[in-house]
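Turn these sequences into a full structure, and let the hints guide you.
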Amino acid sequence: MLRTSGKILKYLFVLIFLCFGPEIVAQDIKVELGKSEVALNEMFTITVSVQDGQVRNLSGFPEIPGFIKRGTSRSSSTTIVNSQVTRTFSITQNYLPQKEGTFRVPDFTIKANGENIPVSGKTVKVGPKKQQQYYDPFSDIFGDRSPNRQEPEFIELEDDAFVAVTTDKDEVYVGEGFHMRFSFYVALANKAPLSWHEMDQQLSEIQKVIKPENSWEENFDIRQIQEDRVSINGKPYYRYDLFEATFYPLTEENIEIPAVEFDMQKSKIAKNRSFFSFGPSRKAEIKTYKSKPKTIKVKPLPDHPLKNEVSVGVFRLEESINKKTLETGESFKYNITIEGEGNIAGIKLNPEMDKKLDLFDPEESRNIIRRGNSVIGNASYSYFGIPQVPGEYDMSDYFSWVYFDPVKEKYDTLKSDISIIVTGESLVDREISSKALDSFYDLIGQSQNDLKSRDGFDDVIPYIFNGLAILLLAFAGWFMFKS
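Each residue of the sequence shown is one higher than the one before, counting from 1 in our numbering.
Because the hints were derived from the structure by calculation, they are not lab data. All the pointers check out, no bait thrown in.
Computed Cβ-Cβ distance ranges for the label pairs, DEER-style:
id : residue 1 : residue 2 : range
1  : Val428    : Ser365    : 27 to 37 Å
2  : Asn57     : Glu256    : 29 to 39 Å
3  : Val314    : Asn350    : 18 to 28 Å
4  : Asn350    : Val407    : 23 to 33 Å
5  : Gly234    : Glu156    : 21 to 31 Å
In the BS3-like style, the derived pairs of lysine-lysine whose C-alpha atoms are separated by at most 30 Å in a straight line are:
id : residue 1 : residue 2
6  : Lys69     : Lys283
7  : Lys169    : Lys292
8  : Lys297    : Lys307
9  : Lys30     : Lys191
10 : Lys294    : Lys235
11 : Lys129    : Lys35
12 : Lys99     : Lys125
13 : Lys348    : Lys169
14 : Lys191    : Lys266
15 : Lys211    : Lys299
16 : Lys191    : Lys268
17 : Lys283    : Lys30
18 : Lys266    : Lys208
19 : Lys283    : Lys130
20 : Lys191    : Lys111
21 : Lys30     : Lys125
Virtual Cβ for every residue (Gly too), placed ideally from N, Cα, C.
Here it is in structure tokens:
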């Protein structure tokens, strides 16, 4: 009986999880629309709230016919129920009506924390201004809401933030990678409200300026802005990486990264604002931050016959073969992989070729991993070969790869350690003999060995005799004349 009850409880738990699990696990982001009826001197609001988290990368507040946007406000609340603490963070977009009437809030999509949240619109009725005829006990808390109220006075808080282009190296060899970040830094002690401003347009223009020319780029493709905590000179900051890539200079020219400007939206705070104030309590303005220029020194590689062809990085070789003993004319499969840190896309393997071993074009694959400050990966090649002559083959005679190690600051060579033993008859001599006979028989085949017909010769004989007769008559006439 207990066993049966246990099974029932287990299935019931699974059923409950399937029905309600997704809502429990998913991040709780809510979008709330304001009242359906507002006065001409009241704000209509759209609020985005996140429970036990923060709202990041927020966009998508719609334009509403008959209303104008009048800034955003932020708030947070903490509730404790049965010793369970819940914190809710909210951002509210305020809309001020321009005239009385009925207006439609269109359907729209809010993007927050990397999620797209579809929101159904609604109809909002705007009525006449509300007159405050009595003392409002909440006016000291929420502000004077009378239509004749004066515009609040705003104060600007000093912000503790900056923008910077940073690299992990100040000098590199030609072909050696360096990592670049374009980031916005905000001190943990910062009190000034800051938010993003026209990010896509700004970053598109900034990348055109800071990306070095004559360099191979491995872009880290930032899709969502993350918050990382770092320490600079012992002071804690939040770092937001906006662009990240590794570059490999292809020429000896130094890389000059100019200063760039980056705009943020900074809000002023109402001077007499109370703790519980909502609505137009902030005034947004644009503040421009400017990075410092930076130079990366590019050093030429040491002299070497392959100086202009080698890859630069730290690499090693992995290899395998399916047969180490075989006969002439028998095929084998040889796999070779070059892996490490460097410009994986630039790796080229060109094996030596001779008449003793036929090597066919390889199957090639590359795997590139962008992680931390580095680009690692591998380039793999799979060759099929057929030996033509018996003997011992060192694969290092065919497969070796020269590169420059920037850590050791010298050239190095990766070579195969595999050898194979081949038995049987030489196929090269047989091929030469076969080709010689083929050439002889080809000449015989091309020569004309058919019998020629004499029909044409018989037709010419009468003309020959006629010519001889004329010559004899001419000679006889000349002889008689002389006599």
